[in-house]
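Visitor: Just so you know, the protein sequences line up as chains A and B, in that order. Residue numbers for the first sequence, in my numbering: 1 to 180. Residue numbers for the second sequence, in my numbering: 1 to 391.
Accuracy of the hints is not assured; some may be wrong.
Listed below are the simulated EDC-like cross-link pairs for lysine to aspartate or glutamate, each with C-alpha atoms no more than 20 Å apart in a straight line [claimed, not checked]: (1) K159(A) x E352(B); (2) K113(A) x E62(A); (3) K138(A) x D81(B); (4) K11(A) x D19(B); (5) K169(A) x D345(B); (6) K390(B) x D158(B); (7) K111(B) x D13(A); (8) K24(A) x D379(B); (9) K24(A) x D81(B); (10) K281(B) x D83(A); (11) K78(B) x E142(B); (12) K98(B) x D74(B); (13) K31(B) x D81(B); (14) K138(A) x E228(B); (15) K138(A) x E10(B); (16) K138(A) x D11(B); (17) K9(B) x E27(A); (18) K149(A) x E10(B).
Listed next, with one range per pair, are the computed distances between beta-carbon atoms [as the list claims (entries may be wrong)]: (19) T16(B) x R32(A): 25 to 35 Å; (20) Q170(A) x A270(B): 42 to 52 Å; (21) A270(B) x S104(A): 30 to 40 Å; (22) G96(A) x M285(B): 20 to 30 Å; (23) K390(B) x A48(A): 55 to 65 Å; (24) K169(A) x G100(B): 43 to 53 Å; (25) K169(A) x K253(B): 56 to 66 Å; (26) T334(B) x Q170(A): 26 to 36 Å; (27) D24(B) x K149(A): 38 to 48 Å; (28) M285(B) x G160(A): 43 to 53 Å; (29) E240(B) x A108(A): 53 to 63 Å.
A few chain A residues that face chain B, going by a derived Cβ cut-off under 8 Å, partial list only [said to hold, decoys possible]: (30) S5; (31) R9; (32) R51; (33) L102; (34) K138; (35) R148; (36) L150; (37) A168.
Just so you know, the hints here were simulated from the structure itself, not pulled from any lab data. Glycine included, C-beta positions come from ideal geometry on N, C-alpha and C.
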Amino acid sequence: MFHFSNIVRTKGDPRIVEGGPSLKRPEDQLARALGWFSIGLGVVEFFAPRRVTETLGVEGHETLVRAFGVREILAGIMSLSVDKNAGLWARVGGDGLDAAALLSGLTADNPKKGNIALALLMVGGIAMLDYRAAQDTKPQRPPRDARRKLYPNRSGFPKGIESARSAAKQIAAHATVGQS
Amino acid sequence: MKALVWHGKEDIRCDTVTDPEIQDPRDAIIKVTSCAICGSDLHLFHNFIPGMLPGDIMGHETMGEVVEVGSGVDGKLKKGDRIVVPFTIICGECDQCKRGNFSVCETTNRKRHLAEKVFGHSCAGLFGYTHLTGGYPGGQAEYLRVPFADATHIKVPDGVPDEQLLFLSDIFPTGWQAAVHCDIEPTDTVAIWGCGPVGQMAIRSAILLGANQVIAIDCLPERLSMAEAGGATTINFETESVVERLNELTDGKGPEKCIDCAGMEAHVLASQPDTLLDRAKQMVMLESDRPHVLREMIYVCRPGGVISVAGVYSGLSDNMPMGAFMNKGLTMRTGQTHVNRWSDDLLHRIEEGQIDPSFVITHTVPLSQGPEMYQVFRDKRDSCVKVVLKP
Ligand SMILES: NC(=O)c1ccc[n+]([C@@H]2O[C@H](COP(=O)([O-])OP(=O)(O)OC[C@H]3O[C@@H](n4cnc5c(N)ncnc54)[C@H](O)[C@@H]3O)[C@@H](O)[C@H]2O)c1
Ligand SMILES: [Zn+2]
Ligand SMILES: [Zn+2]
Numbered sequence: 001m002f003h004f005s006n007i008v009r010t011k012g013d014p015r016i017v018e019g020g021p022s023l024k025r026p027e028d029q030l031a032r033a034l035g036w037f038s039i040g041l042g043v044v045e046f047f048a049p050r051r052v053t054e055t056l057g058v059e060g061h062e063t064l065v066r067a068f069g070v071r072e073i074l075a076g077i078m079s080l081s082v083d084k085n086a087g088l089w090a091r092v093g094g095d096g097l098d099a100a101a102l103l104s105g106l107t108a109d110n111p112k113k114g115n116i117a118l119a120l121l122m123v124g125g126i127a128m129l130d131y132r133a134a135q136d137t138k139p140q141r142p143p144r145d146a147r148r149k150l151y152p153n154r155s156g157f158p159k160g161i162e163s164a165r166s167a168a169k170q171i172a173a174h175a176t177v178g179q180s
Numbered sequence: 001m002k003a004l005v006w007h008g009k010e011d012i013r014c015d016t017v018t019d020p021e022i023q024d025p026r027d028a029i030i031k032v033t034s035c036a037i038c039g040s041d042l043h044l045f046h047n048f049i050p051g052m053l054p055g056d057i058m059g060h061e062t063m064g065e066v067v068e069v070g071s072g073v074d075g076k077l078k079k080g081d082r083i084v085v086p087f088t089i090i091c092g093e094c095d096q097c098k099r100g101n102f103s104v105c106e107t108t109n110r111k112r113h114l115a116e117k118v119f120g121h122s123c124a125g126l127f128g129y130t131h132l133t134g135g136y137p138g139g140q141a142e143y144l145r146v147p148f149a150d151a152t153h154i155k156v157p158d159g160v161p162d163e164q165l166l167f168l169s170d171i172f173p174t175g176w177q178a179a180v181h182c183d184i185e186p187t188d189t190v191a192i193w194g195c196g197p198v199g200q201m202a203i204r205s206a207i208l209l210g211a212n213q214v215i216a217i218d219c220l221p222e223r224l225s226m227a228e229a230g231g232a233t234t235i236n237f238e239t240e241s242v243v244e245r246l247n248e249l250t251d252g253k254g255p256e257k258c259i260d261c262a263g264m265e266a267h268v269l270a271s272q273p274d275t276l277l278d279r280a281k282q283m284v285m286l287e288s289d290r291p292h293v294l295r296e297m298i299y300v301c302r303p304g305g306v307i308s309v310a311g312v313y314s315g316l317s318d319n320m321p322m323g324a325f326m327n328k329g330l331t332m333r334t335g336q337t338h339v340n341r342w343s344d345d346l347l348h349r350i351e352e353g354q355i356d357p358s359f360v361i362t363h364t365v366p367l368s369q370g371p372e373m374y375q376v377f378r379d380k381r382d383s384c385v386k387v388v389l390k391p
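Next comes chain A alone, as it looks inside the complex (with noise of 0.2 Å):
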């Protein structure tokens, strides 16, 4: 079978002849899958905001739409980092600020309300993906009142503590200059 990591291989050193099972579970992919899209909306955000604000007929909000793309930026980074639950909670938060900022611009007189009407919807529908992921990524640190085991009896010691004590308090008393 081929493995593309093979190829950096040095010369001699194990290849890989087959594939184990990965630890990435769907919910993972997921995550990630959506800290790539908050990436990508962020750029678009942060250097089209013309672009973005014209679609929707709000023009004049380029400085928000700039502000919300390093949000997506940010929070796309932290979703694809060890702590991708905390990224993933920031973009359903922020999935909520989309929203409201969406709603503000859905008046009457706007001519394009059905963009944003169409954005509403895409949002709603992210923000679906945003929050079972968040759910399916929970930390799986045991919470701090979990019942732990303890391990009053484990010394290392086998002569016991004292003894260990002691034997070194003789060495101290001997010795003259602490070289070991």
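Dock chain B with the ligands against the given chain A, drawing on the hints supplied.
Guide: What follows is chain B with the ligands alone, placed relative to chain A:
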């Protein structure tokens, strides 16, 4: 053979790979009987240490039986010998090896040009670690090629179980070196941040080296209970103020000796705002480490004291309180562990029954369950402290 292979962030798989072969006359191949997952492996699991490539075999805490030796091993090892493999690959001949500075051996990093660019100079080759340190295949596998095997080994006697010897490969000498670096005096208080496997070994080492008082800091009850069992007074940094408690326990003077066994991934806590800032910067690659523990140590250490750093840092750390460090006249000592500098003495102490490092093992599972165990160890599920894998 089966091996645990790095495929990317949080993606380690138990793959089937080709068996290792003798590549150089100084090589040996061992059949692995036990190996372990280390806190350093978690930094790689999170892709916080640069220079990993998909397809790299993990693992640097390994022992086993020699099954093949190259022609240049010169009788120093033979088939059937039982060895623990130090995580630092050493030549035994260069100037640094002669000085006992094994972890900065000048010969064994086969990708030295990378290390020279990033660190200024090359350090020793390491097993199952980044390509900055040679990208050598690691020992979480059924077989391991040991380069420079005539020097890179610790011969161990039959009759002592693997569990007592395995940690000579890394965490026991690492905790020991961290304590030795403190030049402990009988009146000293030694404070140790992090009660993971390395911290546990550092606690026992500080006791064996005669510290008057050992204080251990973490937030996980199971690890704190193990620290207490080893003779430490404990501080839970989630519920107590570390600085206040340390000052209380030292009549306001601060601990003379401070050891960092936590490393670059300090917990992120709202009550420690610097950790939030570090995490944010780390995400956008403005900083590589979260050095909260270093900052805290410098702040609380008694003037004239020693800061000993066993925890791994990978690149750049921001906002280091150099003013306090300088004016308090502190000394910092650090390094990857010079395993073979300490291994004879420590083996002797194990054989004598002074210490039994197997106390730290909480999970023993087949190699094939390794990938899940990375998650269990990382998430501190099931009160996990140390995982041993059996190929
Ligand atoms: N120098 C060496 O040669 C060497 C060798 C082995 C391991 N290491 C390093 O030592 C470190 C510890 O390894 P480990 O196997 O014990 O890992 P680990 O992850 O099990 O232990 C780290 C511990 O630090 C604790 N911690 C986190 N933030 C803290 C804080 N602010 N204050 C106090 N404690 C805190 C964690 O709760 C955890 O228990 C890692 O960085 C590892 O890479 C270095
Ligand atoms: Zn290690
Ligand atoms: Zn050398």
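Visitor: Against each hint, give a clear statement of whether it holds in the structure.
Guide: Comparing the hints with the structure gives:
1. K159(A) x E352(B): The given pair, whose Cα atoms are some 10 Å apart, holds under the 20 Å limit.
2. K113(A) x E62(A): Holds, at about 18 Å.
3. K138(A) x D81(B): Violated, at roughly 47 Å.
4. K11(A) x D19(B): Within the cut-off at roughly 13 Å; holds.
5. K169(A) x D345(B): Within the cut-off at roughly 18 Å; holds.
6. K390(B) x D158(B): OK: K390(B) and D158(B) at ~18 Å, within 20 Å.
7. K111(B) x D13(A): OK: K111(B) and D13(A) at ~14 Å, within 20 Å.
8. K24(A) x D379(B): The given pair, whose Cα atoms are some 16 Å apart, holds under the 20 Å limit.
9. K24(A) x D81(B): 39 Å, violated
10. K281(B) x D83(A): 13 Å, holds
11. K78(B) x E142(B): Holds, at roughly 19 Å.
12. K98(B) x D74(B): 19 Å, holds
13. K31(B) x D81(B): Holds, because 11 Å separates the two Cα atoms, which is no more than 20 Å.
14. K138(A) x E228(B): Violated, at roughly 32 Å.
15. K138(A) x E10(B): The hint holds at about 15 Å.
16. K138(A) x D11(B): Cα-Cα ~17 Å, so holds.
17. K9(B) x E27(A): The hint holds at about 15 Å.
18. K149(A) x E10(B): 26 Å, violated
19. T16(B) x R32(A): 25 to 35 Å: Given about 26 Å between the Cβ atoms, the range holds.
20. Q170(A) x A270(B): 42 to 52 Å: 47 Å, holds
21. A270(B) x S104(A): 30 to 40 Å: 32 Å, holds
22. G96(A) x M285(B): 20 to 30 Å: 28 Å, holds
23. K390(B) x A48(A): 55 to 65 Å: 57 Å, holds
24. K169(A) x G100(B): 43 to 53 Å: 27 Å, violated
25. K169(A) x K253(B): 56 to 66 Å: Violated, since K169(A) and K253(B) (Cβ atoms, about 22 Å apart) do not stay within the stated range.
26. T334(B) x Q170(A): 26 to 36 Å: Holds, at about 30 Å.
27. D24(B) x K149(A): 38 to 48 Å: 45 Å, holds
28. M285(B) x G160(A): 43 to 53 Å: The hint (43 to 53 Å, Cβ to Cβ) holds, given that M285(B) and G160(A) are roughly 49 Å apart.
29. E240(B) x A108(A): 53 to 63 Å: 60 Å, holds
30. S5: 3 Å, holds
31. R9: 6 Å, holds
32. R51: 25 Å, violated
33. L102: Result: violated, 28 Å to nearest chain B Cβ.
34. K138: 11 Å, violated
35. R148: OK, holds: R148(A) within 8 Å of chain B, min 5 Å.
36. L150: With a closest approach of 4 Å, the L150(A) hint holds.
37. A168: 4 Å, holds
In this structure, the earlier hints numbered 3, 9, 14, 18, 24, 25, 32, 33, 34 are contradicted, and the remaining ones agree with it.
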